[in-house]
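Visitor: So the chains spell out like this:
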Amino acid sequence: MALIDETGRQRIWRGLMRFWSNQRSALGVNKTNLRAAIDATDQWIEDNQTSFNNALPTNARNNLTAAQKTILFCAVALARVGLVELKVLFGEVD
Amino acid sequence: MATRYTFTPYNAEFPSSNFPALTLVNRRPALAFDAATDETCYFTAVAPQGLTGTLTAVITYVMASATTGNVILQAAVEAITDGDSTDLDAATSFDTANSSSATAVPGTAGQIDQISITLTNADSLAAADYFRLSINRDADNGSDTASGDLYVLTVEFRDAG
Numbered sequence: 161m162a163l164i165d166e167t168g169r170q171r172i173w174r175g176l177m178r179f180w181s182n183q184r185s186a187l188g189v190n191k192t193n194l195r196a197a198i199d200a201t202d203q204w205i206e207d208n209q210t211s212f213n214n215a216l217p218t219n220a221r222n223n224l225t226a227a228q229k230t231i232l233f234c235a236v237a238l239a240r241v242g243l244v245e246l247k248v249l250f251g252e253v254d
Numbered sequence: 214m215a216t217r218y219t220f221t222p223y224n225a226e227f228p229s230s231n232f233p234a235l236t237l238v239n240r241r242p243a244l245a246f247d248a249a250t251d252e253t254c255y256f257t258a259v260a261p262q263g264l265t266g267t268l269t270a271v272i273t274y275v276m277a278s279a280t281t282g283n284v285i286l287q288a289a290v291e292a293i294t295d296g297d298s299t300d301l302d303a304a305t306s307f308d309t310a311n312s313s314s315a316t317a318v319p320g321t322a323g324q325i326d327q328i329s330i331t332l333t334n335a336d337s338l339a340a341a342d343y344f345r346l347s348i349n350r351d352a353d354n355g356s357d358t359a360s361g362d363l364y365v366l367t368v369e370f371r372d373a374g
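One line per chain: the protein sequences are A and B, in this order.
Heads up: the first sequence runs through residues 161 to 254, numbered per the numbering used here.
Heads up: the second sequence runs through residues 214 to 374, numbered per the numbering used here.
Quick caveat, the hints were computed from the structure, so don't treat them as lab data.
Small disclaimer: the values here were computed from a predicted structure and weren't measured.
Cβ atoms here follow ideal geometry from the backbone N, Cα and C, with glycine treated the same way.
It is possible that part of the hints are untrue.
Claimed, not checked - Examples of chain A residues toward chain B, derived with CB under 8 Å:
hint, residue
1, W173
2, R174
3, V189
4, T192
To be verified - Quick list of the computed label-pair ranges, beta carbon to beta carbon:
hint, chain 1, residue 1, chain 2, residue 2, range
5, B, I293, A, V241, 50 to 58 Å
6, A, A235, B, N224, 56 to 64 Å
7, A, I231, B, T299, 51 to 59 Å
8, A, M161, B, Q324, 37 to 45 Å
9, B, S356, A, V236, 35 to 43 Å
Produce the complete structure using the sequences and hints provided.
Guide: This is the structure:
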């Protein structure tokens, strides 16, 4: 998967600000710094996707698509934040 | 300095696009101004008798989430005098917008701050004029740096009386 383009990064930027606004979640970074963090995260994913892929068990590495591996990564990462955040991705989670 | 009007979120009127969402903050009505897109709303009134001197809009707001950075708000006046030729069906005639300075947000989200904007450009507003006060966040200004929504709670309209 390629780096996200400018439009996509702006979508994430606007979406994160709206999400955290709705959550009333204290946010100690300004708009410029938040955008820089998005850029850095995208670049980190780009630079480390091979490492992530190699960390997967052989069966999953060989049989999941790139998109499925990305969702897998997001699901585990969101679950580390909390159940509410995981529901953002999946809707209902039992 | 005299308070002539106090507008609340439920008094707000909205353009057809790019307007703040009407929401509740802990059951308090608020207008949510986006951090990425300039959004505008209007308040309508008739200018009171005795209106005099410099006009000011004082905007009370809280931030939804930001604890750092600056915001810029703008206020513009559209004054229509009896007999004016402005076709309200088809036109708006707001004077040039008046901007606040870039103002630091409170260090705790949810704590109020008040931004005072001197209405230097007031479209020659005079007593008995039908007028609208336009409020917007200048979100695309590089000096508006605070992330997340800005919630306007009230707008006070003052004159020098």
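Visitor: Once the shortest beta carbon distance from W173(A) to chain B is found, is it less than 8 Å?
Guide: holds, 7 Å
Visitor: Given the hint of 35 to 43 Å, is the C-beta distance from S356(B) to V236(A) inside that range or not?
Guide: holds, 39 Å
Visitor: Taking the beta carbons of M161(A) and Q324(B), is their distance inside 37 to 45 Å?
Guide: Roughly 42 Å apart at Cβ, these two residues keep to the hinted range, so it holds.
Visitor: Answer holds if the nearest beta-carbon of chain B is closer than 8 Å to that of R174(A); otherwise answer violated.
Guide: holds, 4 Å
Visitor: Could you check the hint for me, namely that I293(B) and V241(A) are 50 to 58 Å apart, CB to CB?
Guide: holds, 53 Å
Visitor: Between A235(A) and N224(B), is the Cβ distance one that fits in 56 to 64 Å?
Guide: violated, 45 Å
Visitor: Against the range 51 to 59 Å, how does the distance between the Cβ atoms of I231(A) and T299(B) compare: consistent or not?
Guide: Hint holds: Cβ distance 56 Å, inside 51 to 59 Å.
Visitor: Per the CB criterion, is V189(A) less than 8 Å away from chain B?
Guide: holds, 6 Å
Visitor: Report holds or violated for the interface hint on T192(A), using the least CB-CB distance to chain B and a cut-off of 8 Å.
Guide: holds, 6 Å
Of the hints listed earlier, the one the structure fails to meet is number 6.
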